[in-house]
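Enquirer: What follows is the residue order along each chain.
2 protein chains.
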Amino acid sequence: MDVAVIGGTGEEGFGLTLRLGRAGHHVIIGSRSAEKGAGRAQDARDILGDGASVDGTTNEEAAASAGVVAVTVPFAGQADIYRAIKPTVPAGTIVFDATSPLATAVGGRAWQVVRPWHGSAAEQADAILSQGVRMVGAFHTISGDSLQDLEHPLESDVLVCGDDGEAKAVVGSLIDDIPNLRWVDVGALSMARISETLTALLVSINRTYKVKDSGFRITGREAWGDTRA
Amino acid sequence: MDVAVIGGTGEEGFGLTLRLGRAGHHVIIGSRSAEKGAGRAQDARDILGDGASVDGTTNEEAAASAGVVAVTVPFAGQADIYRAIKPTVPAGTIVFDATSPLATAVGGRAWQVVRPWHGSAAEQADAILSQGVRMVGAFHTISGDSLQDLEHPLESDVLVCGDDGEAKAVVGSLIDDIPNLRWVDVGALSMARISETLTALLVSINRTYKVKDSGFRITGREAWGDTRA
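Respectively, the protein sequence lines represent chains A and B. Residue numbers for the first sequence follow this note's numbering, so the first one is 18 and each next one is one higher. Residue numbers for the second sequence follow this note's numbering, so the first one is 18 and each next one is one higher.
One chain only, chain A, in its complex shape (with noise of 0.2 Å):
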């Protein structure tokens, strides 16, 4: 699958570029500049090693080339990079937002959120990109250390809520592709006022145990995954 990774040369998206360049994936790292996501593609390759197949451009050429678009960039850059990619992100595409409202956008704590206004910051994406891509909010819960971190195990659920349930699917295929993740569907794309707040909880728990990666495991039931299947 061809998979766009908006803001692909941070910590959170160089490791989900990672992760899913070595499950087979083509990912096509966007940056502000189209030589700094060039240079971290050739980063992923020299990581992955050959045949590994990672690109990088702009984020407004990156969001206009894939199937699926991932947004993972800090809070007080999210809405800016929304409208950066607007005019060639194509309707139809289903665009993953992985941001979380960490209160550090506005100087605070990282164990602190503060409230978009349209909910969640998923919901804002949704709005700001308002032509008709199928919003999923997920990966809220993965620090980007874990996912570049290709040798360590991940323990943690993804946690993946939308209003399209097969653009969750295709999303879910992705997380699965990734070895030890699960995904869980948690509801609609305004569970994000929620889902999207549980980085900040695992922050405070890091914090509070001295720990590194902290993450959430859903109990419960078997297997979650797709709740068509």
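One should not assume that every hint holds.
It does not matter which identical chain is meant; a pair holds if it fits inside one copy or across any two.
Unchecked claim - Keeping only pairs whose Cα atoms sit at most 20 Å apart, straight-line, the calculated EDC-like set for lysine to aspartate or glutamate is: (1) Lys229 / Glu172; (2) Lys53 / Glu28; (3) Lys227 / Glu239; (4) Lys227 / Asp180; (5) Lys227 / Glu183.
Bear in mind the hints are in silico, worked out from the structure with no lab data behind them.
Go by the hints and put chain B onto chain A.
Expert: Using the frame of chain A, we list chain B on its own:
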């Protein structure tokens, strides 16, 4: 330990009563009516059998008579209940609040939340009981049904927040007395703004997958519990 369960006639409170009674604690069920409290205490003794120590009385009396006071009431009635027990809760009492600000309080859905003025239900409770109780938030991720089903192994971690480490550890020791349960210190009382909303997230997961009993486990460390240990 003497534990008062305010709202102990409700599903969550009665479940907690059974679990703590079975663990050998003396539980005082509080209710708006002393008769109803006494009746449910009899029910609990009938279920738990000889040796269980469960009494029932009014919320006000229950709150006056225990070292730990658990408050398990719907959000719509939470402020009134705290105002009612305020004159009788001794200063220094450890109070743990299990309220989730579900939107059902205002005619909404159980997978949606409202935002209390103070940030969270636990902080609202703390603001009302302004005379120096030691407030803890806990028990938002275990359903009343699961608690009442004594043969059912509990699979969810209890997220505990508060500004008083010793109070959290005391509540944590009660949690540790319930088979299979673990507690995770998620930080300051204000973290209830996130942890309380997880009830709604679990309701949404239950609804999406048609299950009754989804829960959370925190990953990343073998043992959680008291950070001071």
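Enquirer: Work down the list of hints and note, for each, if the structure agrees.
Expert: Consistency of the hints with the structure:
For a Cα distance limit of 20 Å, the shortest separation of lysine 229 from glutamate 172 inside one copy, 12 Å, qualifies, whereas the shortest one across copies, 24 Å, does not. For a Cα distance limit of 20 Å, the shortest separation of lysine 53 from glutamate 28 inside one copy, 14 Å, qualifies, whereas the shortest one across copies, 57 Å, does not. In this assembly of identical chains, lysine 227 and glutamate 239 lie within 20 Å of each other by CA distance solely across copies; the values are 13 Å between and 30 Å within a copy. For a Cα distance limit of 20 Å, the shortest separation of lysine 227 from aspartate 180 across copies, 18 Å, qualifies, whereas the shortest one inside one copy, 37 Å, does not.
For the identical chains of this complex, lysine 227 and glutamate 183 are inter-copy neighbours only, at 19 Å across copies versus 39 Å inside a copy, given an alpha-carbon limit of 20 Å.
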